[in-house]
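**Q** Since chain U is already given, all that's left is putting chains L and G on it; use the hints.
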Amino acid sequence: MSLRTFLPAVLVALVAVLPMMAPTTQVLLTLALAKGLPVLGVIVLLHAGQVSFGHALFFGVSAYAAAFLARVYGGGELISMVAVGVLAAVAVGLVVGIFVVRYRHIFFGMLNLAFSMIFFSVLEKFYYLTGGSDGLPVPRPTVAGFDMERAGFETVLFYLTLALCLVAAWATHRFLCSPIGNMMRTIKTNELRLEYLGVSARGVLLVGYLISAVLCGIGGALMAVAQGVVTPEYVWWVRSGEFVFIAILGGSGSVSGAFVGALIYEAVRTYASAFANDIWKMVLGVVLLGVILYAPAGVAGLYAQVMDRCRTRPANKTVDEDQ
Amino acid sequence: MMGIRNIAAALAMTLMAGGAALAADKPADLKVGITAFLSGPASIFGQPAKAAAEMIIKDMNANGGIGGVPVKAYYVDEGAGGEALLAEYRRLVQNVRADVMFASISSGNCNKIAPLAEDLKILNLMWDCGTQRILEEKKYRYVFRTQANAAPEMLATVLYLLKTKPDFKTIAVVNQDYAWGRDSWHIFHTALKAMKPDFKVVAEFFPKFGAPDFSTEISRLQALRPDVIFSTAWGGDLETFVKQASQRGLTRNSTFILPLAESSLQGFGKALGAGHVVGGRGDHYFLHPEKKNNPDFKKFVADFKAKTGAYPIYPVFHMSQALAALKTVYEKAIAANGGEWPSHEQVVDAMPGLTFAGLGRPVTIRSDGQGIEDQLLGTSVVVDGYDFPLMDNMMIFDSDVITTPVGKLSADWLKTLTPAFIDRVPVKTYSR
Amino acid sequence: MTLQLLALAIFDGVAYAALVFLVAVGLTLTFGVLKVLNIAHGSFYAMGAYITASIGGAIFAAGFSPWLAFPLMLIAGALVGIVVGGPVEKLLLSRIYELEDVLQILVTFAVFLILEDVQRLIWGGQPFFESSALQVLGTVDVFDITYTVYQLILLPMVAISVLVSLRLFLRRTLMGKLILAVTEDREAATSVGINAERVYFVTFVIGASLAAFGGALASATTSVLPGMGADMIVLSFAVVATAGLGRVEGAAVAALLIGLGRSFAVYLWPEIEVLVPYLIMLFVLLIRPEGLFGTTHPRKI
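Line order of the protein sequences matches chains U, L and G. Quick note: the first sequence, position 172, residue 172 per this note's numbering, numbers continuous. Quick note: the second sequence, position 235, residue 235 per this note's numbering, numbers continuous. Quick note: the third sequence, position 38, residue 38 per this note's numbering, numbers continuous.
So that you can see chain U by itself, here it is in the shape it has in the complex (with noise of 0.2 Å):
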């Protein structure tokens, strides 16, 4: 094992066994993995050249669909809350994605953040069915059938949301190499040239939109487990903005950018709002303007070029030898 795949293996043991040593740690952690799966989708669509303002709305449909199931029963049951939540990302992703895929740039990012802002009004307005801005309770459901503890709850949630991760960061990633992935980046390098060859720009951009909203809805459901309500603050277009800041923070180049960018990026706001109070969204511009004008790459874009920079290090005192 190299020390490139070393190192990352080391975060996520260290990502899993952390709640054991730091309890308060756990619902932090969820909450931040619980991001990264939008952030992953926000991600798939960088790939094409596309960035969403709206991709909050995915999240917000999932997280409602969730709160409405456990409400239908009663209660609920996590697994299946999760599932409805998935499916409702990915039927209104359709709905929304045939139309907003034949537009590209900003055209596409404000169609979305239409689309997000008229979801968020809805909520507001049908008062009497989504509880408006006091938003939904969410009961803390069962797990395959058990009656948890908070506690006991909140750490079969974790690892949940920990191994959904992985398996989301795994598919995503051979998504992104398959041959419709690379037709994805070529939408964002010369999208002519795509038609040419006869494939339709559209089709693969809807493709990779719907897996994007997947992954939103995996998100949406575990946080409003995790938190026990939904507002529709979950669709709020700052969220949205959000979203594209930790894809940027983490580096829109790599899977692993969109975890390791929302752990950094809760991690900075719940400290920032703890201990600078008055001040903490002026410590999140600096943090992304820093970003972008250092780091562009992200922090995976620092951590491959440290990488490379370790390799090429002794690769140079090799030739040194030989000379």
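Honestly, the hints are just simulated from the structure, not real lab data. The structure displayed is predicted, hence computed values, not measured ones. Note that the Cβ used here is the ideal one computed from N, Cα and C, for glycine as well. Mixed in with the good hints, there may be bad ones.
[Claimed, not checked] Ranges of calculated distance between the beta carbons of each label pair, as one might list FRET restraints: (1) 2/G with 203/U: 46 to 56 Å; (2) 121/G with 271/U: 36 to 46 Å; (3) 382/L with 144/G: 25 to 35 Å; (4) 61/G with 305/L: 14 to 24 Å; (5) 268/U with 74/G: 34 to 44 Å; (6) 387/L with 7/G: 33 to 43 Å; (7) 7/G with 193/U: 27 to 37 Å; (8) 355/L with 2/G: 51 to 61 Å; (9) 144/G with 271/U: 55 to 65 Å; (10) 271/U with 426/L: 19 to 29 Å.
**A** Frame of chain U, contents of chains L and G only:
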């Protein structure tokens, strides 16, 4: 910081040496976590409440703290968003080991926190939020509310309206489009319909929260000319609405019913004018007719004005009640424990039935955790010497009659009221 | 709906549209030239409002004439444009024109976050309300309904004069022509010797000043409070996208469309009021992806 702690610890040791043998677990300080909006539009409530908490705690600690233990407050910004709030709440309970939590201003946040507090087994005083649903829909052991809720607040407003302007025919509503705006109108409308069947709702507007402009709504209202216009808006929204309405003469044609206007009186300036109904979510008013000559009350109001530049508004009163509840419940639990420092569970046990007084009339906690807090409303009046409207023709309603009985849902109970109910509610009337 | 109500809805819609246009036009101008969608535009709007309301409140309380509010608004607009907008362009944006548009938008998002807290540190959380400018102009009765002269007459007139002067500036002055040239084709303009950096700077300052001026005008009608910038920016985006990015006249039409749509919604179906801007934008973009007045760019092979 450590110095104070050491001194407090030394003090505790001394007390222990001379006092009861089992007082060893008396803590160095009593940690209270307080959530409040320190940023965002609702910081107009959170910032004065925080200032009040600092003043009251300082005063408390100067007078021996609670049972000899000084109070130490930790503040959390509700404006930082749901996740940050919950994370910070947990951090205070689990890492800092807060003894009591006060949460929160927003009803949405109370919804999030109440189940969490119950699971964490931490005493949580809902010190300001108004939704009646939380305690009506579920039984909590650790969650209490140290003030009234939306139901008695709106019911008192209906009663005041029916006592002062019983013959109105038409009403319009302009509320913020979020849970409070919708809920409060629903409660008000249900209660009004039960006690006065013959009126007509001519317009229902729910402009979005934080709307910068009500011009179109005001044009529409001028065309409709309703007798009364009801609005539970607050903060910048309420100020904007009232000022835009006054600029265009709407305040001269219709009577405004503003159950939260006490918190904006100083911001209205000359805009509101005389003759409109003003409420303050409880018996909260810096010229409280029963308290304004009380020296402690006068001193607090003057100190608060000196510290913040403004007169206290209802969140300040709510904060004083939560802190009074804290002090009283510990004293009650200490007494019940034979003078020794109580366990957390003993403090929680002492909460139901507790009576305490903040800056207003005394409040009692019922068996379901709900506080019984009397309600003061008045009519706006322009007075020399103040550059903003004051209240006249004030009525204070006794709340044990107008609070939804234990075990009933407000939405159902309000429907059972009849016109005869109006005269059954004990009320005291004061003029300026 | 009677004729009277129809007229009232139109008045309300036009007054609202005027204010929205003033903010959106700066955004679209900036985008046309710099090709950066500036989220911090909402912060400039809020700062213009804050400066006017706080300084106005102080000087009127000291007994100065309320008519001073009008020059104050112009000064506040220019001040924010130069003192805040200028450095943002020079120190930040000028370094990112080569980056992907995602990163550019995020830089402005970061500026927006920072400025939000700057506003709160300077002006605190309490709302400001300073309407002397509106009160000195008095009211006027139309169909038995009282309107303020400020909203019914002044705001639309200011909007029209800004539109006309921008048009004249862009078509008749050298700087304006340079801006148009850079808007049409950045590379060609630079190759004939136009100093694109200066054009960017001037355009950005003008755009920021217009936003701040819009905020200054709005401050007479509304409470100035934290968060007002965030709301305005989403609305302006809707206007700009509906109009077609970079289209100045288009922004006027789109603002009017959205303003009227909103006021008719209040009269006919109040519940959908907040949805109107987005519905209009969706509807327009679904039919004309480049916006009402936008042009399609030929794609590079």
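**Q** Could one say that the CB atoms of residue 271/U and residue 426/L fall in the range 19 to 29 Å?
**A** Given range 19 to 29 Å: violated, Cβ gap about 52 Å.
**Q** Just tell me: holds or violated, for the beta carbon distance of residue 2/G and residue 203/U against 46 to 56 Å?
**A** Roughly 52 Å apart at Cβ, these two residues keep to the hinted range, so it holds.
**Q** For residue 61/G and residue 305/L, compare the CB-CB distance with the range 14 to 24 Å and indicate the outcome.
**A** Distance hint for residue 61/G, residue 305/L holds at roughly 18 Å.
**Q** For the hint 34 to 44 Å, verify it against the beta carbon of residue 268/U and that of residue 74/G.
**A** Hint holds: Cβ distance 40 Å, inside 34 to 44 Å.
**Q** Using the Cβ atoms, figure out if residue 382/L sits within 25 to 35 Å of residue 144/G.
**A** holds (27 Å)
**Q** Taking 33 to 43 Å as the stated bounds, is the beta-carbon spacing between residue 387/L and residue 7/G within them?
**A** holds (38 Å)
**Q** Evaluate the given range 27 to 37 Å for the C-beta pair formed by residue 7/G and residue 193/U.
**A** With a Cβ separation near 56 Å, residue 7/G and residue 193/U fall outside 27 to 37 Å, so the hint is violated.
**Q** Can the suggested window of 51 to 61 Å be confirmed for the beta-carbon pair residue 355/L and residue 2/G?
**A** holds (59 Å)
**Q** CB of residue 144/G to CB of residue 271/U, is that within 55 to 65 Å?
**A** Given range 55 to 65 Å: holds, Cβ gap about 59 Å.
**Q** Could you tell me whether the CB distance from residue 121/G to residue 271/U stays inside 36 to 46 Å?
**A** violated (20 Å)
Of the numbered hints given earlier, the model fails hints 2, 7 and 10; all others are met.
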